[in-house]
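Trainee: Here is what each chain is made of, one letter per residue.
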Amino acid sequence: NAGVTQTPKFQVLKTGQSMTLQCAQDMNHEYMSWYRQDPGMGLRLIHYSVGAGITDQGEVPNGYNVSRSTTEDFPLRLLSAAPSQTSVYFCASSPGRSDTQYFGPGTRLTVL
Amino acid sequence: GIQVEQSPPDLILQEGANSTLRCNFSDSVNNLQWFHQNPWGQLINLFYIPSGTKQNGRLSATTVATERYSLLYISSSQTTDSGVYFCAVERYNQGGKLIFGQGTELSVKP
Chain A
1 NAGVTQTPKF QVLKTGQSMT LQCAQDMNHE YMSWYRQDPG MGLRLIHYSV
51 GAGITDQGEV PNGYNVSRST TEDFPLRLLS AAPSQTSVYF CASSPGRSDT
101 QYFGPGTRLT VL
Chain B
1 GIQVEQSPPD LILQEGANST LRCNFSDSVN NLQWFHQNPW GQLINLFYIP
51 SGTKQNGRLS ATTVATERYS LLYISSSQTT DSGVYFCAVE RYNQGGKLIF
101 GQGTELSVKP
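Chains as they are written, first to last, in this note's numbering: chain A, 1 to 112; chain B, 1 to 110.
Hint data in this document are derived by calculation from the structure and do not stem from the laboratory.
Note that the structure is a prediction, hence the values are computed from the model and not measured.
Glycine residues also receive a C-beta, built at the ideal position from the N, C-alpha and C atoms.
Where hints are given, some of them may not hold.
Take a look, some chain A residues computed to stay more than 10 Å from chain B by CB distance [unchecked claim]:
1. Ala24
2. Glu72
3. Pro75
4. Leu112
Distance windows between CB atoms, simulated [to be verified]:
5. Arg77(A) x Ala17(B): 44 to 50 Å
6. Thr20(A) x Asp10(B): 34 to 40 Å
7. Glu15(B) x Ala2(A): 30 to 36 Å
8. Asn38(B) x Met27(A): 17 to 23 Å
9. Asp10(B) x Gly53(A): 41 to 47 Å
Taking the hints into account, I'd like the entire structure generated from these sequences.
Mentor: Here it is as structure tokens:
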């Protein structure tokens with residue numbers, strides 16, 4: 001199993017550009033989530049999904065959209081990037097809501 | 001919302017020393033996990049421990065849910081233990097919403 005994979009590893013955007021961060025898992029996990037990590041802080045939940053077709057907001061959802069059309073994939077979309085979205089983004093998955101979570105390697109995003 | 005506080009914020013150890021990291025939380029939880037973020041940024045799950053005690057090699061963890069704290073013990077530390085240790089909790093009836101503490105940064109010197 002590859003586990004949780006994320007692409008790209010690094011990305012630089014200009015303010016106002018849009019992009020999609022990709023996340024995929026091959027463990028048939030129902031639950032997937034996106035977090036951001038800023039310097040000196042722990043991770044903060046952006047959006048999560050408890051299964052295909054079902055998503056919900058976390059602590060810091062503004063400026064981000066998600067969808068879950070398949071069990072395997074959970075992309076995160078930035079519609080109009082802002083410098084405040086410069087961060088490291090982690091995707092995670094778990095078999096269920098209150099289970100051990102497995103994290104991807106992260107995407108380092110810089111918005112100029 | 002629930003507050004998660006970790007202590008100490010920083011810790012420097014000599015190789016071979018033991019340490020205890022603490023996580024306090026402000027409300028009842030049904031999920032508590034400890035993670036290690038290595039110097040390359042990868043997050044590794046160490047323990048899923050909403051209550052009780054677990055051990056894995058040189059690491060062990062204890063959660064006392066009624067008193068709202070958890071402890072992570074590292075014995076005979078090695079340089080590879082360096083990194084940031086995070087505690088994360090999930091409140092009852094908030095399935096899937098993990099709230100992270102700010103972490104303890106551990107540096108183990110040879």
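Trainee: Determine for every hint whether it applies to the structure shown.
Mentor: Here is what the structure says about each hint:
Separation of Ala24(A) from chain B is adequate, the least Cβ-Cβ distance of about 17 Å exceeding the 10 Å criterion. The claim that Glu72(A) is not at the interface with chain B holds, since no C-beta of that chain comes within 10 Å of its own (minimum 18 Å). Listed as outside the interface, Pro75(A) is consistent with that label: its C-beta sits roughly 18 Å from the nearest C-beta of chain B, beyond the 10 Å cut-off. Separation of Leu112(A) from chain B is adequate, the least Cβ-Cβ distance of about 21 Å exceeding the 10 Å criterion.
Taking 44 to 50 Å as the suggested C-beta distance range, the pair Arg77(A) and Ala17(B) conforms, at roughly 46 Å. Thr20(A) and Asp10(B) have their C-beta atoms about 36 Å apart, which keeps the hinted 34 to 40 Å range intact. In this structure the supplied range 30 to 36 Å holds for Glu15(B) paired with Ala2(A), their Cβ-Cβ distance being about 34 Å. Remark: the range hint 17 to 23 Å for Asn38(B) to Met27(A) is upheld by a beta-carbon distance near 21 Å.
A C-beta distance of roughly 44 Å is found between Asp10(B) and Gly53(A), which places it inside the suggested range of 41 to 47 Å.
In summary, this structure violates none of the numbered hints.
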